[in-house]
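Student: Following the hints, position chain B against chain A.
Number of protein chains: 2
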Amino acid sequence: MTTNLELTLEHGYNIRSYEPRMDGHVSIASLCNQLQDIASRHADSLGFGFHDLEESGHFWILARLHIMVNRLPRFGERTSIRTWPSGNERLVALRDFLIHDADGLIGQATTSWVTMNKQTHRPDKPDQVLNRRFIPDREHAIVFPTKSVTRLKQGDYTADLTARRADIDINGHVNNVKHVELCFEAVPPEWADDHRCRGLDIQFRAEAFAGDKLRAACALSEPDADMDTMLHSLTRVSDDKEIVRMRSWWRKA
Amino acid sequence: MTTNLELTLEHGYNIRSYEPRMDGHVSIASLCNQLQDIASRHADSLGFGFHDLEESGHFWILARLHIMVNRLPRFGERTSIRTWPSGNERLVALRDFLIHDADGLIGQATTSWVTMNKQTHRPDKPDQVLNRRFIPDREHAIVFPTKSVTRLKQGDYTADLTARRADIDINGHVNNVKHVELCFEAVPPEWADDHRCRGLDIQFRAEAFAGDKLRAACALSEPDADMDTMLHSLTRVSDDKEIVRMRSWWRKA
Chain A
1 MTTNLELTLE HGYNIRSYEP RMDGHVSIAS LCNQLQDIAS RHADSLGFGF
51 HDLEESGHFW ILARLHIMVN RLPRFGERTS IRTWPSGNER LVALRDFLIH
101 DADGLIGQAT TSWVTMNKQT HRPDKPDQVL NRRFIPDREH AIVFPTKSVT
151 RLKQGDYTAD LTARRADIDI NGHVNNVKHV ELCFEAVPPE WADDHRCRGL
201 DIQFRAEAFA GDKLRAACAL SEPDADMDTM LHSLTRVSDD KEIVRMRSWW
251 RKA
Chain B
254 MTTNLELTLE HGYNIRSYEP RMDGHVSIAS LCNQLQDIAS RHADSLGFGF
304 HDLEESGHFW ILARLHIMVN RLPRFGERTS IRTWPSGNER LVALRDFLIH
354 DADGLIGQAT TSWVTMNKQT HRPDKPDQVL NRRFIPDREH AIVFPTKSVT
404 RLKQGDYTAD LTARRADIDI NGHVNNVKHV ELCFEAVPPE WADDHRCRGL
454 DIQFRAEAFA GDKLRAACAL SEPDADMDTM LHSLTRVSDD KEIVRMRSWW
504 RKA
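For the protein sequence lines, the chains are A and B, in the order given.
Reminder that position 32 of the first sequence reads as 32 in my numbering, one-by-one numbering, no gaps.
With the second sequence counted from 1, adding 253 to any position gets you my numbering.
Only chain A is shown next, with the shape it has when bound in the complex (with noise of 0.2 Å):
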């Protein structure tokens, strides 16, 4: 599908043994921490990875993740993941992705990126701070499907949840996929037993830290593309700050 190969990377990834959930399938969550690996390991090989970004006092924060699969692996298969910078968007640098199984593709990913400015904490323009390499514009694997993703206004679900020490990551706050794994605490056990999640729009609006109280919320919201969908928001319950908004997409299992 995307010809420049200088600037693609193809990563394999066998499923773990700890990945798969009780029906044997894992979480859409695996693949997203997937993308992330193969993400870092690219952003590095092409010379503005987290080091290099430290280097001019900035870090990358992930903006939005829009994924779309059609099937979840098992324990013992593998997945090869394939991924390119689509271009810079004014403040947002893109990075698309292909998920293939042994038989095929399986899945399709895009995301934007912000490239922070440690001392202002506000994003400078990835086309400055990547000035370094061209990154040309490319085609992408699936495109965001609206704007913004829609706010929650009132969720018929919740769960309280405390965010532990274990979320945190390299970035000092709470790791991007653990937010969408905190996002379906909320979801009722009735529906996460006989439904698959099959697809995420997630924006990430602030920064969360361990010891966070964080309150997930979830509601059905207008079936699209022939499947049921939901919206869903964290938020921070000391000053009641959105951390994501997520709409996501379901298939009876």
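Mixed in with the good hints there might be a few duds.
Interface residues of chain B toward chain A, partial, derived using beta-carbon atoms under 7 Å [what the hints assert, rightly or not]:
| # | residue |
| --- | --- |
| 1 | D290 |
| 2 | D422 |
| 3 | G425 |
| 4 | E434 |
Dumping the calculated DMTMM-like pairs for lysine to aspartate or glutamate here, alpha-carbon to alpha-carbon at most 20 Å [as the list claims (entries may be wrong)]:
| # | chain 1 | residue 1 | chain 2 | residue 2 |
| --- | --- | --- | --- | --- |
| 5 | A | K213 | B | D465 |
| 6 | A | K213 | B | D276 |
| 7 | B | K466 | A | D212 |
| 8 | B | K371 | A | D23 |
| 9 | A | K213 | A | E242 |
| 10 | A | K118 | B | D276 |
| 11 | A | K147 | A | E89 |
Hint data in this document are derived by calculation from the structure and do not stem from the laboratory.
It should be emphasised that the depicted structure is a prediction, and the values quoted were computed from it without experimental measurement.
Built from N, CA and C at the ideal position, the CB exists for glycine as well.
Tutor: Only chain B this time, still in chain A's reference frame:
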């Protein structure tokens, strides 16, 4: 070190970008995840994996895990783990591990496992359950330092936790390695900031489930092997059930 190649498996693990903690190194829990994964792979390939035991109405339960490491890897590094079943002793099957990085041996581990009968919920002797294949006694990578882990009577530090749905694995209970992470939540932050855990001896005594309110507790104990050590407990609040007891070894970071 071990020569019976047919009964030995080696497997490589890339440290994934979401695994390192703020100091850039993975926690010892990441290595425990690798042990758990390679144990599942090897049991599968030897014909006594998850699905094989399911057929005779049994399932594996990790009873105890002892791991010591002299170095914790970083993102971009790769470990290579070697494992072998090391014999059966009355009600437990033993399995050992050697952990290598690019420069050589960085750790050793030993584990004991119970082949639990699904119907009676009591252990059956592994040499009866695994009778399709003879498991010879083999050398150990490291031995359990005591007959059992000392129980923590009174914790100096505690943390109140709730088991999440994301903590549950294919067996329907909180994943073994999550128990290690949950125990760590009680370690005082100032200690965790300037020490690294270099060893664990953890005994799994009861299952925990999503929604369970748990209390992690810990206290400094007698130093051992030139290292600070701690005792830990994880108990369920509702019935005061002891979920795990653990001892940990620490060095200044």
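Student: Evaluate each hint against the coordinates.
Tutor: Hint by hint, here is what the structure shows:
no.: 1; hint: D290; result: 4 Å, holds
no.: 2; hint: D422; result: 6 Å, holds
no.: 3; hint: G425; result: 5 Å, holds
no.: 4; hint: E434; result: 4 Å, holds
no.: 5; hint: A/K213 <-> B/D465; result: 17 Å, holds
no.: 6; hint: A/K213 <-> B/D276; result: 24 Å, violated
no.: 7; hint: B/K466 <-> A/D212; result: 17 Å, holds
no.: 8; hint: B/K371 <-> A/D23; result: 18 Å, holds
no.: 9; hint: A/K213 <-> A/E242; result: 12 Å, holds
no.: 10; hint: A/K118 <-> B/D276; result: 18 Å, holds
no.: 11; hint: A/K147 <-> A/E89; result: 13 Å, holds
When the structure is compared with the earlier hints, a violation turns up for hint 6 alone.
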